[in-house]
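*Asks:* Just so you know, the protein sequences line up as chains A and B, in that order.
When we follow the numbering used here, the leftmost residue of the first sequence carries the number 1, and every step to the right adds one.
When we follow the numbering used here, the leftmost residue of the second sequence carries the number 267, and every step to the right adds one.
One or more hints might be untrue.
With a straight-line cut-off of 27 angstroms between C-alpha atoms, the simulated DSS-like cross-links for lysine-lysine are [to be verified]:
| no. | chain 1 | residue 1 | chain 2 | residue 2 |
| --- | --- | --- | --- | --- |
| 1 | B | K420 | A | K92 |
| 2 | A | K36 | A | K230 |
| 3 | B | K513 | B | K433 |
| 4 | B | K449 | A | K94 |
| 5 | B | K420 | B | K449 |
| 6 | B | K584 | B | K549 |
Quick caveat, the hints were computed from the structure, so don't treat them as lab data.
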Amino acid sequence: MIRAVPRLFIILGLMGFALLYIPALVMMAFSFNAGKLASVWAGFSFKWYGALLQNDQLLAALSKSLLIAGIAASLSTLFGVFIAIAFVRFGKFKGRLLLSALASAPLVIPEVVMGLSLLLLFIAMENVLGWPAGRGLDTIIIAHATFGMCFAAVVIQARLRQFDRSLEEAAMDLGARQPYIFMTITLPIIAPAIISAWLLTFTLSFDDLVIASFVSGPGSSTLPIVIFSKVRLGVTPEINAIATLMIVTIAIGVIAGARLMRRNPR
Amino acid sequence: MAPFIEINEITKKFGDFIAVDNLSLSIEKGALFCLLGGSGCGKTTLLRMLAGLEAPSSGTIKIDGMDMHQVHPADRPVNYMFQNYALFPHMSVARNIGYGLRRAGISGAAYEERITEMLRLVRLEGFENRKPDQLSGGQKQRVALARALARNPKLLLLDEPLAALDKKLREDTQFELVNIQEKLGTTFVVVTHDQEEAMSLASDIGVMDAGRLVQVAAPKTLYEAPANQFIASFLGSVSFLPATITKIADGKVSATGSCDITALAREGISIGDDVICALRPEKITLSRGQAAGPNQLNVIIEEMGYLGAVTHVRARTKSGEMLKIMLSNRRRAEADFTWDEEVVASFDPKDAILLPAEAR
């Protein structure tokens, strides 16, 4: 028998969800506002979405953000696979604990600290190596790939730990050798985790403001940076519109990732 | 002719733990050999060494006259059926079976033909395009068998092939496995912890304990003439009576201890030896008053369990040893004893198994 949940719990729970989602829903609703004021409803309209298409600054920022997120997510996932394999498959090796701490530290390091330290690193590198020349897309990509890698590693490790080693032994017993076994058995089975890691790191990069504002240079403002600077001059329904699009994009990414992770291949 | 599999003084250590301890064993071609033992006795490790999935710490393995040292598992004429079947979850039944064929360079019509042939062998025609998670436990087991046999190995290793199946299915599958083995003539080595499974499957059984082989024999020999107390109590139910040999004459041995026992003489037993007399429960009969034959023990019935076809009885001798007795209920009157009744337990001298006494 399912016991009735106390009414107070339900009310508190609903209030929690309301606090979380009502602001976003209000913002999404006002993105369809016909009026100019962001807080007074003046009828339904798509006009701010239309205005968005005319706004070159926002569109340029959007395409930069997508490019950065795409490349950073791919790099993060690639390195995440390597880290996960090292931790799950290599058993005990020298410095394993240190490496594992290093690989997961960025999950808890404050973004401000991380952004600042990356900025200092890039400046130092420019002085010593002459590269990267100034801050731009490349520095943002490197920064995002660095912290995304840790998230990717965590997601892929979880899947790889569940992976039944006897499948690889069976493949070997049936006459296959590495790397054929990895390509035909291991990779297809952990693929959902890899895709999920890619989607996660993509969204992390796409909505990052703090780190990006440290390591971006002139002409490389990402979408969150542009939105943040615009909001300081007052919220326009145009911002509501682009924020709505961002929420939808990220929600799709997160939901797709979660579904893939849950799908059990057995 | 040299035996098909020669395992010579093989040892496997995991750190300080000795999983397989200086073990030697020969298996003939075409045998259905069973390695039987409790968990952690080293039987699976031995099987994995035959497949090449573990490297022995010392010793040699020869299969069909060829030294397997340095031979990669992919190149051995051996296939392995995993306990959890290890079917590739992202591949269809046909592709699972075909995985090893592709690696062996078989393609085109020969590839399709072999898959069809294997599916027919395990009676899974029409399941080609199913994924493993769309199969029942018994079907998965048959796909695993088909996959392992597809490459036509000289030796098939099966790790607890029936453990994951329910009881009814296990009995059917057991006979099917024996049929397939007879049809193909492939040598099978099966690992199991289930003594009934081993007895009904195998032509020969090797009983393992703590990394060593305790006895290798046919199922009947293991049951009727166990080498020691471990084997006697591992296979089936048994009661032990300690005694000392007092007389050997006319092919018969007399022993006395807590009670007087007469058994058949056998080699290696002399007067004054301490022995253990092992008795199988179905070989003891109970009667009121005197019974025929030399072995008569006065006992008191302590427990009775009526199971329909048989009745299990536990009776205590005057000196305190517990006897396990199984009465067959062929006639209704035979089970007509009651609790705390004093009766006579008797057994034939040839059913008394004399084992060397062990410090246990």
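*Asks:* State for each hint whether it applies.
*Replies:* Hints and how they fare:
no., hint, result
1, K420/B <-> K92/A, "37 angstroms, violated"
2, K36/A <-> K230/A, "15 angstroms, holds"
3, K513/B <-> K433/B, "48 angstroms, violated"
4, K449/B <-> K94/A, "53 angstroms, violated"
5, K420/B <-> K449/B, "14 angstroms, holds"
6, K584/B <-> K549/B, "20 angstroms, holds"
Checked against the numbered hints given earlier, this structure breaks hints 1, 3 and 4; the rest are met.
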